[in-house]
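Just so you know, we're using numbering that gives the first Met the number 0 here: the sequence shown kicks off at 0 and counts up by one.
Think of the hints as simulated: they come from the structure by calculation, not from any bench.
Quick caveat, the model's predicted, so the values are computed rather than measured.
It is possible that part of the hints are untrue.
[Stated by the list, open to error] No farther apart than 20 Å at their CA atoms in a straight line, the calculated lysine to aspartate or glutamate pairs in the EDC-like style are these:
id : residue 1 : residue 2
1  : 104       : 67
2  : 104       : 163
3  : 70        : 124
4  : 70        : 100
5  : 104       : 158
6  : 26        : 54
7  : 70        : 101
8  : 224       : 158
9  : 224       : 67
10 : 224       : 5
11 : 70        : 98
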Amino acid sequence: MLAPRDQLTRWNQLLQQPGNPAPLDGKAIAAELDDARGQHRNWIVACVKAVAAIDQGAHLPTAPTLPDWPKERRPAAQGAHAANDVWQAYLAYRLGHEDAEDWLKTMICSLAPMALVFTAEDNPEPWWQNEMVILHALHSFALRYDVPAVVSRTLACADYHLREIQPDHATNEPWAVHAYASHVDGNITAETLLHAGFIQHGGVLGPIARAICTDAASSLAAYLKA
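Using the sequences and the accompanying hints, generate a full structural model.
Right under this line is the structure:
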């Protein structure tokens, strides 16, 4: 299910063009992280800005920490909590926490193929959005880690998204765009998400979407260079 190399290269280039935000200040991002702890949406936004700042070569004066160890898949109703934890672990990995790699591998191994447990009582759209936010961080890690068994599990999750959910109904931000772009059948979904990001801000990407694209492009670049 992995897309051919020319498709990965094309998407690396596409995401680099809109995903090149103004230089991010490491101290400002660290302060934003401190202020956002416990606020799921704000925390995840701060994390994606932080990894984009790392990609720009900024120094973040903050200590990497891990959430509690993932034990089992959480219900969809707790999706925001799960997304919060995954992004905390991914940021810790990017900051060099020695146990973050095992945390993320454990989370990826729990995919079945989705990250959350959905029931008929759950609202599908927030479930879809949380799944996409989680998949984004997990696939970024998988591309950087570059072990076929790990990449195949995040691609299997992306495959489920492509077949069973409607990513463009869940968000106007390009979460997990590189996961869909990495799938042999994911071009249209990835293009739809990127286009929606442009439309949302009148033909340009907003700062959050740019940071998302920065991480997606750098993760694809890391995989292509391996």
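Exercise. Broken hints, numbered, in rising order?
Worked result: 2, 3, 8 and 9
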